[in-house]
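Chemist: As a plain string of letters, each chain reads:
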Amino acid sequence: MDIDFIETMLLTFKLATITTIILLVIGVPLALFLANSTKWYKSIIETIVSMPLVLPPSVLGFYLLIAFSPASFIGQNLHDLGIDLAFSFAGLVVGSIIFSLPFMVHPIQSALSQLPKSIYEASYTLGKSKLETLWRVILPISKHGIISGCVLAFAHTVGEFGVVLMIGGNISGETKVASIAIYDEVESLNYAMAHQYSLTLFIITFAILLLVYITNKKSLGEIR
Amino acid sequence: MKFFLKLLFAYLVLASTAWSQTITVAAAANLKYTMADIAKEFTKRTGINVTVTTGASGKLTQQIMAGAPFDAFLSADVEYPAKLANGGFATTPSKVYAYGTLVLWSNTGTDLSKGVAGLINPNIKKIAIANPKVAPYGVESINAMKYYKVYDKVQNKIVNGESIGQVATYVTTNAAEIGFMAKSIVLSPDMKNVGKWVEVEPRSYNKIDQAMVGLKNGAPENQIAAKKFLNFMSSPKAREILKANGYILPN
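Residue numbers (the numbering used here), protein chains in the order written: chain A, 1 to 224; chain B, 1001 to 1251.
Extracted from the complex, chain B is given alone in its bound form (with noise of 0.2 Å):
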């Protein structure tokens, strides 16, 4: 008994010493890999662990206006951060990080030359996108079906992932024969062998302007280091980082 109560103390000495801060991050699912990267230098150069939580940005948001412990959110648009900045939420005005780009994903060799048009192609059963209730590039793929007009007759193939991440997941299982995906993703190690992919036409569908904020639900002595993590995504290694996974970068 006494030896585990020494075994015990010595956990808690080790436990205790080897604690560093930690910062916990809430990013959309198109962040999911580039994010990764990103806190591996940010810890490298602050010694500040980051834990990410990824999810579709409506989720998310909803989340944390519920009092969810997150020290900062990077949002798939400009909305959601808005929203909880004007909800008292936010330590930090909103500020674009990066900007979006949408792809057309398949893995099951569907054509992709002609692009959002050809998803009228009756070989295409399933066309997944990321719920457009919560996620912003759910709602650019329907607004680029709009464009090419085709919305009204590819509407009953839709199927609704909960995230980009979800759709990800209908992707590379065949499950759908092609989705709305962003290119981040279809970019990162895990997924660049996987399919085939095309670039939206960006005239057909908004700027995915990404925008993020510090917020006020974790542990105060979190914040300032929320913002330096903010600070570094406009650092030039992030924005390098950011550059490589697909985004085009704010001036």
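This is chain A alone, in the form it adopts within the complex (with noise of 0.2 Å):
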């Protein structure tokens, strides 16, 4: 196996990764507010979280490309920081957690919807912190929910190409993720390579959800 394929492929895990577990913190806390607030502006910070679902990801890219660039406000004040972020692997990361994440919040926001008021009391009332019950109680129990959050927005980031395509400029090493490279071999009539990325990505993924319905169909029945 050639090394660019291993290269590419661990450079798209890597995104996932990070992406996945910067998408949990903010993911959590997110999901939270929304499946318990009552507040005015709940409703626009639920509209802005699904946005990314029906948007196109060039419309999200030409954005960030602008965003991005020195001569934008964004870009100069980030630049004097030292961070350039467009073509760059962490402008990546900051487009994949944008575009996945209602992948994240939605799973966790439906699984905490469905707990009853009642667990909540039941806490309180044998003495537990609110911090604690979150830990202890309502986290555990909303498992299914986290991993299926987990595992949507890892899978999701995997399959990212409009925005990459737009942001990234295909660099190996850097931006030139499996979706990147899967276009870019086909395009260059390279058959066999794109075969070899695609069917790989096609096992995993396949892989990566069983897994997920496996356990979500275990923890589930631990509930019940």
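Honestly, the hints are just simulated from the structure, not real lab data. Positions of the beta carbon are idealized from the N, C-alpha and C atoms, including for glycine. Do not take every clue at face value.
[Unchecked claim] Below, a sample of chain B positions facing chain A; criterion: calculated Cβ distance under 10 Å: (1) G1058; (2) K1059; (3) T1061; (4) Q1063; (5) A1085; (6) F1089; (7) V1134; (8) I1158; (9) V1159; (10) E1177; (11) P1202; (12) R1203.
[As the list claims (entries may be wrong)] Counterexamples of contact, computed for chain A against chain B with all Cβ distances above 12 Å: (13) M51; (14) P52; (15) P56; (16) S88; (17) P116; (18) A122; (19) N170; (20) K176; (21) I180; (22) N190; (23) L201; (24) K217.
Bring the two chains, given one by one in their own frames, into a single complex with the hints.
Modeler: As structure tokens, this is what we get:
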């Protein structure tokens, strides 16, 4: 197997892993807010979170490209801090976080909204603090939602194409992820390599999703 | 309901009488603006409409081999048309219609006076080129950098656009400080006021001889119209437009 292939696959999974971890940190509090809040601006936040589901990736890619450019306000300030996001791995992480946000938040939010209020009340009655209730009761029983969120965010980042195509610049070992590599190989008539990438992704995706459905079945079984 | 049926009928009648022949031409991205002018002139003279699809020559070749219904192909090199002719996709022999010119283009006020040799300037963080895997202009951009012996030093600054068109996006949005561009793009009405450019010394890269072929993929009745179009590419009017867009013409 050639080095370029391995490098590209590792880069793809590195991007997906980092994106998923950051999304988990952002996603859980966001989902908690959305599941419980009755604030007037809840709908606005819910809309913003869901927008990447409907927006064409090219819209996001276009705006990110402009935002990252050293000529823009954001790009200029980041540049002064020594951060250049256009055509860089860090830029892809930022793009992926925005693009995969709903895939992390939605499953967790729906798991949390299904919980009856009485669970919280029972925990408070037993003298547990809010944080302890969250950590020891709420999150553990919402485990299937959190796992689904992580897997969907991970898989969606692996499959991301449009945004990366627009802001990546197709640099080996930096921004050339598997989906771009497949496109590149197909366009340059190198079908053998395209097959190698595609089949690898096909098998990995199947394995990941299968694992989730099996574990979810088990953890739901524990609750019932 | 009856009213709507009548309306629909009227629409269909109108639509069919307004029908005129349309050919679809696949053109290398450097022809994006030039083709619009040429197609307009061609339609004026023949009544045949032209739909233009632009992209990197290699990508278009791949699409044609996969059966894309294009009637003619205008490449940015001679190799892709030759490949199509060898594969039995062409209706005409491949013919050179123009020679392309490479320029260095920047929208960030980068000093262009040293040309390609100046790319080692540390203020230049990113150099955009068209993906050499599919775009002939990208191949020659690399040749030019190799000629000036700066390629090894600047290799890690290079970003690949999917075609010369995406390179233009990278340069105009300032995402890349500098880019290798086709002269025809920087001379176009949309781009001529954007940034500054200099020609790349012609001896530093291979001649970009751009060839065209007619294709079998589209509707049979379009093959004749496509040949008319390819002939038009050698007409005085088309040559005038090509020249005005910065191309060098074959004799």
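Chemist: Against this structure, judge whether each hint is valid.
Modeler: Hints, verified against the model:
no., hint, verdict
1, G1058, "6 Å, holds"
2, K1059, "5 Å, holds"
3, T1061, "8 Å, holds"
4, Q1063, "9 Å, holds"
5, A1085, "16 Å, violated"
6, F1089, "13 Å, violated"
7, V1134, "5 Å, holds"
8, I1158, "8 Å, holds"
9, V1159, "3 Å, holds"
10, E1177, "8 Å, holds"
11, P1202, "27 Å, violated"
12, R1203, "28 Å, violated"
13, M51, "22 Å, holds"
14, P52, "21 Å, holds"
15, P56, "16 Å, holds"
16, S88, "10 Å, violated"
17, P116, "51 Å, holds"
18, A122, "55 Å, holds"
19, N170, "4 Å, violated"
20, K176, "9 Å, violated"
21, I180, "10 Å, violated"
22, N190, "8 Å, violated"
23, L201, "20 Å, holds"
24, K217, "41 Å, holds"
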